[in-house]
Amino acid sequence: MNRDELLKALYEETLVGNAPRVLELTDEGLAGGLSPEELLFESLIPSLEEVGARFERGDFFVPEMLIAGKAMAGALEVLRPLLAETGVESVGTFVMGTVKGDVHDIGKNLVNIMLEGAGFHVIDLGVQVAPERFVAAIEEHRPDIVGFSAFLTTTMPMFKANINALEKAGLRDQVIVMVGGAPVTQEYADAVGADGYASDASAAVARAKELLGRRRAAALA
Amino acid sequence: MRTVLRSATREVVIGGDEPFCIIGERINPTGRKTFQEQLRRGDLSRVEVDVAQQVAGGAMVLDVNMGAPLADEVELMRRAVRLVQGVTDLPLCIDSSVVEALEAGLDAYEGKALVNSVTAEEDRLEAVLPLVKRHEAAVIMLPNDETEIPEEPRRRLELVERLVDVATGRFGIGVEDIVIDPLAMPVGADTTLVNRTLETIHLVHERFGLNMTLGASNVSFGMPDRAGIGSAFIPMAMALGLTSAIMDARAADLVRSVKAADLLLDHDPWGARWIAAHRARQEREQQAPG
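Note that the protein sequences, when read in sequence, are chains A and B. Going by numbering that gives the first Met the number 0, the first residue of the first sequence is number 0, and it counts up by one from there. Going by numbering that gives the first Met the number 0, the first residue of the second sequence is number 0, and it counts up by one from there.
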């Protein structure tokens with residue numbers, strides 16, 4: 000297999016979620032002299048972007064998204080240490096969690112997959128994450144973005160509680176806050192003072208990139 | 000076990016010897032932008048349309064949920080319960096995660112309602128069950144606690160045991176007024192999950208004989224041809240002891256699979272209702288123009 004054939008095969012096998020084959024091709028690519036960046040940016044990320052696009056159009060379904068995400072995660076495990084060695088930065092760091100009082104995680108996990116697929120480094124705090132745990136994780140990981148997920152109208156108010164906790168800890172200006180979940184709306188996100196909202200996993204990635212781009216541009220200006 | 004629900008004028012029984020109880024799920028703004036905006040303005044006109052559709056589709060109880068973000072859920076619930084009781088005599092299932100909204104709904108309700116729902120979390124039990132007792136309502140109880148939605152059916156059964164102990168022992172609620180939600184999970188997220196729900200139904204049925212209901216549409220989340228999945232799932236669950244589901248009564252395929260399962264499981268003596276439904280459909284088709 001030449002370079003282009005390998006990158007194309009890696010793209011195709013990620014798209015259909017063939018985890019063992021994705022791992023083989025990643026090893027093969029590295030052995031053949033391809034760089035971790037090439038594998039990541041020319042195959043894996045475009046493939047997951049296509050998964051997201053198909054999901055958004057209704058052509059792909061939840062299990063297909065999960066299995067593609069799993070295949071990519073396998074390759075990332077190999078590539079991540081190599082990328083760190085060569086000093087390649089992730090697109091951004093994202094701390095994610097389902098708010099306190101809420102144990103729903105399927106939507107959050109889909110968003111995580113799409114974020115990782117887009118090149119974000121995702122730190123998932125799981126479910127039932129109390130405000131102080133978000134604060135501690137932000138202090139530890141210094142993420143670009145923090146995401147709060149809620150599935151219930153009764154747990155949505157935790158968005159505000161989390162944001163208050165960030166303000167109290169003096170962290171609010173250092174991190175972009177995104178919120179989401181089944182009952183959440185743009186109006187609600189605005190009302191609690193979040194920076195961003197998206198209605199599905201694919202849109203969440205687009206919004207995260209947009210917010211991050213804007214923040215970085217503002218920092219340069 | 001017979002869970003009796005009542006409006007001012009009509010009684011509906013959920014039970015193993017009764018036709019499967021279809022709780023119409025559509026009076027709920029979740030995921031419906033226009034409806035949410037209407038509710039924020041206090042406009043309940045959409046509710047009447049949803050009620051009419053659910054009744055026409057064969058709902059026997061109606062679930063009423065007014066959980067629109069940034070709307071006054073308590074006041075909306077009070078008004079919605081009155082409105083719905085004005086246009087239908089079906090008993091209602093008062094659905095909110097906000098305790099005050101449950102209370103407002105129960106205060107406004109005439110009859111014996113079903114409360115949706117309470118988990119095994121201690122603070123929720125302490126807040127919701129006194130209301131259930133005071134209004135002599137029935138209650139849907141979920142076997143998940145502060146820490147988790149347990150995957151293991153045996154663990155769910157333990158939580159059901161605790162729920163029954165607390166409801167009957169501490170709050171004096173009749174065991175027949177407990178309806179367990181065995182937690183329907185999306186098969187698309189993990190194809191092992193529905194087996195666990197089915198096993199939970201089996202265990203709860205064997206151990207307690209309690210009535211059970213669940214949100215049937217959860218099962219097909221994120222998958223194509225959702226009606227096909229629901230039409231297979233509900234009869235399977237019925238055979239193991241599920242006696243009710245919260246579902247969209249507009250979905251004719253789903254309702255038909257429920258009715259067929261009722262017939263097959265001997266809840267429709269001589270197939271009289273199955274045949275009557277066929278005749279009614281024939282008649283409608285003949286009357287339809289063209």
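Do not rely on the hints blindly, as some may be mistaken.
Claimed, not checked - Some, not all, of what chain A presents toward chain B, calculated at C-beta under 10 Å: (1) G32; (2) P62; (3) L109; (4) T152; (5) A181.
None of these hints come from the bench; they were simulated from the model. Cβ atoms here follow ideal geometry from the backbone N, Cα and C, with glycine treated the same way.
Closest C-beta approach of A/A181 to chain B relative to 10 Å, hint status: Given a least distance of 6 Å, the restraint on A/A181 holds.
Using 10 Å as the Cβ threshold, decide whether A/G32 counts as touching chain B. 39 Å, violated
For the hint on A/P62, just tell me whether its beta-carbon gets within less than 10 Å of chain B. Holds - the Cβ of A/P62 comes within 10 Å of chain B, reaching about 5 Å at its closest.
Would the stated hint for A/T152 survive a check requiring a Cβ distance to chain B of less than 10 Å? With a minimum Cβ separation of about 4 Å from chain B (threshold 10 Å), the hint on A/T152 holds.
Quick check on the hint: A/L109 CB to chain B CB, less than 10 Å? 8 Å, holds
Going down the numbered hints, you'll see the structure goes against just number 1.
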